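S.K.: Taking the hints into account, I'd like the entire structure generated from these sequences.
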Amino acid sequence: MKQRPSRVTCDTLAYLAELKRTAKPYSYRYVGALVGDFHRTLCYGGIWLYPPDSKAPSGKARLLYEVAPMSLIAEQAGGLACVGPKADQRVLDIVPKKVHEKSPLFVGSASEVKKLQAFLAQRKG
Numbered sequence: 334m335k336q337r338p339s340r341v342t343c344d345t346l347a348y349l350a351e352l353k354r355t356a357k358p359y360s361y362r363y364v365g366a367l368v369g370d371f372h373r374t375l376c377y378g379g380i381w382l383y384p385p386d387s388k389a390p391s392g393k394a395r396l397l398y399e400v401a402p403m404s405l406i407a408e409q410a411g412g413l414a415c416v417g418p419k420a421d422q423r424v425l426d427i428v429p430k431k432v433h434e435k436s437p438l439f440v441g442s443a444s445e446v447k448k449l450q451a452f453l454a455q456r457k458g
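In my numbering, the protein residues as written are 334 to 458.
Check each hint, because a few of them may be wrong.
Stated by the list, open to error - When the alpha-carbon atoms are kept at most 25 Å apart in a straight line, the in silico SDA-like pairs for lysine to any residue are as follows:
#1 Lys435 to Gly392
#2 Lys448 to Pro384
#3 Lys430 to Ala394
#4 Lys393 to Ser360
#5 Lys447 to Lys457
#6 Lys448 to Asp426
#7 Lys357 to Lys448
#8 Lys388 to Thr345
#9 Lys435 to Pro358
#10 Lys419 to Thr342
#11 Lys419 to Gln450
#12 Lys393 to His433
#13 Lys393 to Arg423
#14 Lys447 to His433
#15 Lys448 to Pro402
#16 Lys447 to Arg423
#17 Lys357 to Cys343
#18 Lys388 to Tyr361
#19 Lys353 to Thr342
#20 Lys419 to Ala389
#21 Lys430 to Gly417
#22 Lys431 to Gly392
#23 Lys448 to Tyr363
#24 Lys357 to Ala443
#25 Lys431 to Val368
#26 Lys419 to Pro429
#27 Lys353 to Arg395
#28 Lys448 to Asp386
#29 Lys457 to Ser391
These are calculated hints, taken from the structure and not from any lab test.
Computed from a prediction, not measured in an experiment: that's the story for all the values here.
M.R.: Okay, here's the thing in structure tokens:
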């Protein structure tokens, strides 16, 4: 079977490879619904990545209706939610420019999101 080329960014692929390399066992879950996927992360911890890709460089989730509400819930639960090339921009600090503006999302427990931020900061220099 011919494998399709990945549309995910090199940074995202490198981070996933780093997670596989670490001692902590990570598992991948994706039901295809932002709320369902986020709920699992909220209940069991971890990190949920909805990165930009070559088809959607600005992300796919709508900032006002999906990304910001999930970010508010995550932060109220003690987690973090961020965007940006280094995952260093707090979602709730973004002022939308359009009603249907799209955004990537990195959300989860504070410790896991901080690991992502450290990885990307080191990678980006």
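S.K.: For each hint, tell me whether it holds in the structure or not.
M.R.: Status of each hint after checking the structure:
no.	hint	result
1	Lys435 to Gly392	holds (6 Å)
2	Lys448 to Pro384	holds (16 Å)
3	Lys430 to Ala394	holds (15 Å)
4	Lys393 to Ser360	holds (23 Å)
5	Lys447 to Lys457	holds (15 Å)
6	Lys448 to Asp426	holds (21 Å)
7	Lys357 to Lys448	holds (13 Å)
8	Lys388 to Thr345	holds (15 Å)
9	Lys435 to Pro358	violated (31 Å)
10	Lys419 to Thr342	holds (12 Å)
11	Lys419 to Gln450	holds (6 Å)
12	Lys393 to His433	holds (10 Å)
13	Lys393 to Arg423	holds (18 Å)
14	Lys447 to His433	violated (28 Å)
15	Lys448 to Pro402	holds (23 Å)
16	Lys447 to Arg423	holds (12 Å)
17	Lys357 to Cys343	holds (22 Å)
18	Lys388 to Tyr361	holds (22 Å)
19	Lys353 to Thr342	holds (17 Å)
20	Lys419 to Ala389	holds (17 Å)
21	Lys430 to Gly417	holds (16 Å)
22	Lys431 to Gly392	holds (14 Å)
23	Lys448 to Tyr363	holds (21 Å)
24	Lys357 to Ala443	holds (16 Å)
25	Lys431 to Val368	holds (22 Å)
26	Lys419 to Pro429	holds (20 Å)
27	Lys353 to Arg395	violated (29 Å)
28	Lys448 to Asp386	holds (21 Å)
29	Lys457 to Ser391	holds (19 Å)
Violated hints, in rising order: 9, 14 and 27; the structure is consistent with all others.
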